[in-house]
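Modelling step: build the complete structure from the supplied sequences, incorporating the hints.
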Amino acid sequence: MADPTGREAVAAVWRIESARIVGALARYTGDFALAEDLAQEALAEALVTWPREGVPAHPAGWLLTVGRRRAIDAFRRRSARDERYAVLARDLGEGGVAAGSAPADPVREAADVLWDPDQIDDDVLALMFVSCHPVLSREARVALTLRVVGGLTSDEIARSCLVPTATVQARITRAKKTLGAARVPFEVPSAAERTGRLGSVLNVVYVIFTEGSTASSGRDLLRPDLAAEALRLARVLTRLVPDEPEVHGLLALLELTAARFPTRTGPDGRPVLLEHQDRRRWDRSAIGRGRAALARANGAGRGLGAYGLQAAIAECHALAPSVRATDWERIVLLYEALGRLAPSPVVDLNRAVAVSMAEGPAAALEIVDALVADGALAGSHLLPSVRGELLTRLGRPGEARTELERAVELCGNDSERALLEGKIAALD
Amino acid sequence: MKFMLIMRATDEAFATMADTDFNEMLETIGRYNEELIRAGVLVAAEGLDDAAEGVVVDYSSEPPVVTDGPYGEAKELFGGFYILNVSSKEEAVEWAKRQPITGPGFKTEIRRVTTIDEFPQDNEWIKKERAWREATGQL
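Heads up: the sequence lines are chains A and B, in that order.
Take the first sequence: its position 261, counting from 1, is numbered 261 in UniProt numbering, and each next residue is one higher.
Take the second sequence: its position 87, counting from 1, is numbered 87 in UniProt numbering, and each next residue is one higher.
Just so you know, these hints were derived from the structure itself, not from any lab.
If you're wondering where the values come from, they're calculated on a predicted model, not measured in any experiment.
Any given hint could be a false lead.
[What the hints assert, rightly or not] Label-pair restraints from in silico Cβ distances: (1) B/T28 x A/G54: 22 to 30 Å; (2) A/G54 x B/D49: 37 to 45 Å; (3) A/D73 x B/T28: 47 to 55 Å; (4) A/D278 x B/K2: 13 to 21 Å.
[Claimed, not checked] Pulled a few chain A residues facing chain B out of the computed Cβ check, cut under 7 Å: (5) R235; (6) V236; (7) R289; (8) A292.
Built from N, CA and C at the ideal position, the CB exists for glycine as well.
Written as structure tokens, this is what we have:
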């Protein structure tokens, strides 16, 4: 075998199957936090056993069997001090779903009990709702989703989110305790509750993607693995909740944004502005998939949500042959709609940039000055950087320099700062 | 990271496939495809038409030599593929002649991409796949 340690084989099976394994164990035990522990124990046992004995014929069934046995052990241990668990342990181990004497094929038997094909989709969806539950902090939701739905290890999550492994482990442990203390059930929320809760799930996927597409700190602008995982999660979601237009809106936004990744940085790793990007290198198939998802969101006839509107803006860029030939009037309208739906100074700033392209820099400067007067975005480099750009175009280089220098001071990303310094040099 | 799973088969394997019940094969592949879709990993999948219907453009000489299929030597491995939307095989051959990476040993094999319309439309797995393709813009 090319993989003598078997570690790669375990990791590959785990990436594909972990969500279903944790989901099935959570349904089996009714305890999300315990299920996650059991699945991790099964994974640890596989890492020891498979390299020694070879990968089993049904690797997922094997992991489930181990998880189920550990569940029964755990309930027996707990039953001494908890009457409820005593009943459960009896049901699970002897009289209940796993009744009977030792089966001829324990792997198949466990798989049959736990892997009800009608339940798998609900299991994975419930897993998403629990790991994105509003009682958790945003960081905890991201870590837990990457762990239980994405199947990433603590090390992988730590590398992706640029934090120490110990921090990730602490976040996950704390998150599971929080869910337990809040008595969050392992289930798909009722239809009435679902729409509100879905917003949290979509937000987590979006946050994972933006972490991958604009690293908030560090030297690299892109972490494509994290963005790819967010795209995969969004695709899974469109499959699980196909009737929610905003799910398709989110997928559309991610596809259309990712389509531009090949051109966002130059060979030196520095960011390349939209106007200088080689549009021939945009990923046409990603644009096609994004447009299809957006059409699906539009097709629901309920109007676009915040993600759908941003996707529509991204589509305008994707379809335009150049910055100049972009439908900026439509982009302004879309930003206005977005500003009404999800008001934020960042949206206003983006609208100002679109207005500067549609109507010229003077009209845009009015919007930006209003933002300055509000004190919005005070600590961000974005406001002075846009204001500096507008002043440059209005032929006021002195004021432009002051703004751009302020933007350099506030900017945290090395490559973006280099871009701003280039703009200052161009003023001379 | 994206990977292409290139399905290669020997003559013997093709003979086995020819003996397999067609609907059974559609179901087997349909189930596998559905797994990939459910996992969110399937981006695009296409079958290629019979190699005998293909064309090879050989750049070993100038101008390049165009020969009809079938396939050349087994050691000529695939290096990647384009999908072009053109009106005829001849138009595709013309595009291949303009392909910039040329010289001895470089060849472009031109194969028609089959469409879902060529499969029995009443098959339940084909119906499912059509619905997915419509929803994801990959028809």
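Do the hints match the structure? See the list:
Restraint check, B/T28 to A/G54: a C-beta distance of roughly 26 Å satisfies the suggested window 22 to 30 Å. Against the hinted window of 37 to 45 Å, the Cβ-Cβ separation of A/G54 and B/D49 comes to about 40 Å, which satisfies the hint. The supplied range of 47 to 55 Å is broken by A/D73 and B/T28, whose beta-carbon atoms lie about 38 Å from each other. As the Cβ distance of A/D278 to B/K2 is approximately 20 Å, the hint placing it in 13 to 21 Å holds.
Satisfaction of the interface hint for A/R235 is found here, the shortest Cβ-Cβ separation to chain B being roughly 4 Å, below the 7 Å cut-off. Taken as an interface hint, A/V236 checks out: its beta carbon lies about 4 Å from the nearest beta carbon of chain B, inside 7 Å. The criterion of a C-beta within 7 Å of any C-beta in chain B is met by A/R289, whose closest approach is roughly 6 Å, and the hint holds. For A/A292, the interface hint holds, since its Cβ comes within 7 Å of a Cβ in chain B; the closest pair sits about 2 Å apart.
Going down the numbered hints, you'll see the structure goes against just number 3.
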